[in-house]
Amino acid sequence: SSPVHSRLKENSRFIPSGDGAYFAVRIDGNESGGGWRAADDNTLPSAGNERIKQARVRPKKYYHTVTFSGLAEAVSKRAGEDAFAAGITDAISNAVKRAGANFETTFLRGDGTGRITNVATAPAASTSVLVDDARTCRSGQVIVFLDNTTGLRQAGPVTISSVDVANATLTVSAAVTASVDDGIYISGEQDEASAPSELTALGLPALVAASGTIYNLSRTTYPILQSKVIAAGGTSLDETMLRRLRKQLMIETAVDSLDGFA
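In full-length UniProt numbering, the protein residues as written are 1 to 262.
Note that these hints are calculated values from the structure, not bench results.
One should not assume that every hint holds.
[What the hints assert, rightly or not] Derived CB-CB ranges, DEER-like:
no., residue 1, residue 2, range
1, S173, G234, 40 to 50 Å
2, S227, V180, 43 to 53 Å
3, Q248, T221, 15 to 25 Å
4, T220, A124, 18 to 28 Å
5, K247, R98, 23 to 33 Å
Backbone N, C-alpha and C define an ideal beta-carbon position, used for all residues, glycine too.
Whole structure, please, built from the sequences with the hints as guidance.
Right, dumping it as structure tokens:
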């Protein structure tokens with residue numbers, strides 16, 4: 001008996017329309033000398049305006065392949081429909097757990113580009129890659145090595161065979177050659193022809209930054225997007241410091257309460 005394969009995939013004949021393909025986000029806020037608005041045409045109005053527009057956001061899809069082997073099929077034939085259903089349910093459960101791990105990595109560590117880590121020591125035609133942090137990597141991920149500045153592909157795509165978190169080392173399916181500080185990305189996330197752009201959800205490091213870009217916008221040009229950062233140094237995070245930050249935010253944003261702010 002041939003294996004039964006079930007795969008979630010996008011319908012190529014589907015034409016995006018309505019709320020099924022997009023959801024609307026109301027974006028407003030302004031300050032003297034700078035403001036940010038997004039519109040259906042993806043253009044920014046001039047700084048200092050008071051216009052409020054609505055942006056359309058295409059939801060990001062997550063895919064996972066479920067495979068039901070010939071052996072599992074043969075066993076399920078003897079055990080009945082419940083065995084087949086249990087096998088599929090277990091596979092879907094694992095897919096959900098895998099998705100949760102991926103989202104956790106994105107929201108806690110992601111910079112919006114889909115980069116999962118950087119190369120720490122340049123591999124030369126090797127299947128072993130030392131990285132800055134292997135906790136963001138999972139076996140089975142199909143990855144590419146990109147220049148973080150130009151976005152050009154340096155190696156890959158290859159599949160992660162195993163992850164050694166303690167030694168920050170990845171074993172990949174084929175030998176690769178890359179440079180120190182090349183970025184490791186999920187294959188297909190970037191166009192691999194231009195500088196990496198923000199395509200995925202922003203993680204905490206990107207959200208709390210006070211410089212650089214966010215949502216592909218310069219925090220220097222639009223200072224309203226700059227995060228408020230208090231240099232703690234060696235001081236432990238405690239209630240006093242949090243109260244200090246809360247007070248500064250209320251003063252600088254001219255609000256009476258921070259209720260409703262994330």
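Comparing the hints with the structure gives:
no. : hint                     : in the structure
1   : S173 to G234: 40 to 50 Å : 43 Å, holds
2   : S227 to V180: 43 to 53 Å : 28 Å, violated
3   : Q248 to T221: 15 to 25 Å : 23 Å, holds
4   : T220 to A124: 18 to 28 Å : 39 Å, violated
5   : K247 to R98: 23 to 33 Å  : 42 Å, violated
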